[in-house]
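Undergrad: Protein chains in written order, with our numbering: chain A, 1 to 204; chain B, 1 to 194.
Be aware that a few hints might be false.
[Said to hold, decoys possible] With a cut-off of at most 35 Å between alpha-carbon atoms, the simulated DSBU-like pairs for lysine-lysine come out as follows:
hint : chain 1 : residue 1 : chain 2 : residue 2
1    : B       : Lys58     : A       : Lys188
2    : A       : Lys194    : B       : Lys58
3    : B       : Lys58     : B       : Lys6
By construction, these hints were calculated from the structure, which means they are not laboratory data.
Take a look at the letters that make up each chain.
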Amino acid sequence: MNSNYEYLDVPRWVNVLFILSSIITLCIAGFIYTGALITLLVGIPAVVALLLWLTTTYHYSAPHSIMPWYIGAVLVLLIQHAEQWHFNYAEQLNAAFPQFFSAPVVFNEAIFLSIFPMAGLSLFLALATSFYLRRPLGNYMAWLAFVWSIASGLSPFMFALLQSGGVSYFPGMLGGILTTALGVWGCKLLLNIKYNVNEGYGHA
Amino acid sequence: MLDTNKLYLGIAITFAVSFIAMFVQQAGVMPAIIIGGSMLVGVVLWFFTTYRIPANPKRVLPIYLITISLLLFHICEEYLFAFGPRIAQLNGSTWSEVEFLTLIAFYLPVFWIMGAIGLYFRHPLGNAMIWFIFVGMAFGEPAHLLVFPIVEGGRYHYFPGMWSSLFPLVTAIWGMSVLIKDYREESKLRTAEK
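Looking at chain A on its own, in the form it has when it is part of the complex (with noise of 0.2 Å):
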């Protein structure tokens, strides 16, 4: 009877299918609703993080020690989303980069507040319970996490350099020191984890 279960055990493998699939099925949505800024801002990143994964650990789980970096990228993406939504994120991007903004594209205050603090954060912490479970998907997603902190810190650096009318403030600027400081030193412990084949996931 058990061995009829066993066919239910997710094949490690299913998760990179799933993984590319919603990469493949957000970046299609994003890039029809919101534009190709937007769709690479976060596309990049997704990637990055997926062939970071596949030559980490995906192989084997990261300890739990670093539960407390992933909700703290979290933390510092949610306090860096604040100051965006303060100085007008949207408004500034759209404002700097009409050419990626032309309708039938729409990128507002409203979108940026239910895709990135909301409804981004709330599949962050989601998936931490796949991580602190040592799930392959939630190590995929502590990698998102740190990569995609380093992608939003860098982001408006990047703005403020490439807008029209020169180099000023651009929003996010501040709290991207700490997500970057952040993503960076996160993906260093997931780069250091010393491969123990007792940490593994227990089946290939």
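Could you slot chain B onto chain A? The hints should help.
TA: Just chain B now, kept in the frame of chain A:
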């Protein structure tokens, strides 16, 4: 010498009272009673359980993380359907969308997420926060279905946050049952050791 646990109790009570005061001022008395009342019940339950014997994070942290994740999702629905201004209308207060977002979408989630880190390290304040959230969800969220639409009057209708309000309640009740069970087991163990 100062008992650090008493200091944490003071911090938790101060947090709850200042939050209630802010909530009364911004949103009005009715939502402040619902949420503030839940917070004070949370402090009492915390005091009688995990205040001295912090919860085992292995048992309760995943449930807490799912609860705050569902809560953020719920806040998203509230924001998209103008919960703040509707509550303001209901109470004759001046709670604007900006004030709602500042308090509910940014200020408080900082403490909720810090609570998860505190819970991981078995810190008393992390344990206080988990009780705030669980009690708040269990007693506060049903208001979206049982209080707000009825108080607004007319035919029973949609109120912002209604569709996603019961999901964090489920995990909160589950979490409280785990907290109480864990506390009972742990205190039995400690008594036996003595």
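Undergrad: All the hints need checking, so say for each whether the structure fits it.
TA: Status of the hints after comparison with the structure:
At roughly 25 Å between alpha-carbon atoms, B:Lys58 and A:Lys188 fall within 35 Å of each other, so this suggested pair holds. Taken as a hint, the A:Lys194 and B:Lys58 pair is honoured in the structure, with Cα atoms around 23 Å apart against an allowance of 35 Å. Taking the CA atoms of B:Lys58 and B:Lys6, the gap is about 26 Å. The hint holds against a cut of 35 Å.
Violated hints are absent here; each numbered hint is respected by the structure.
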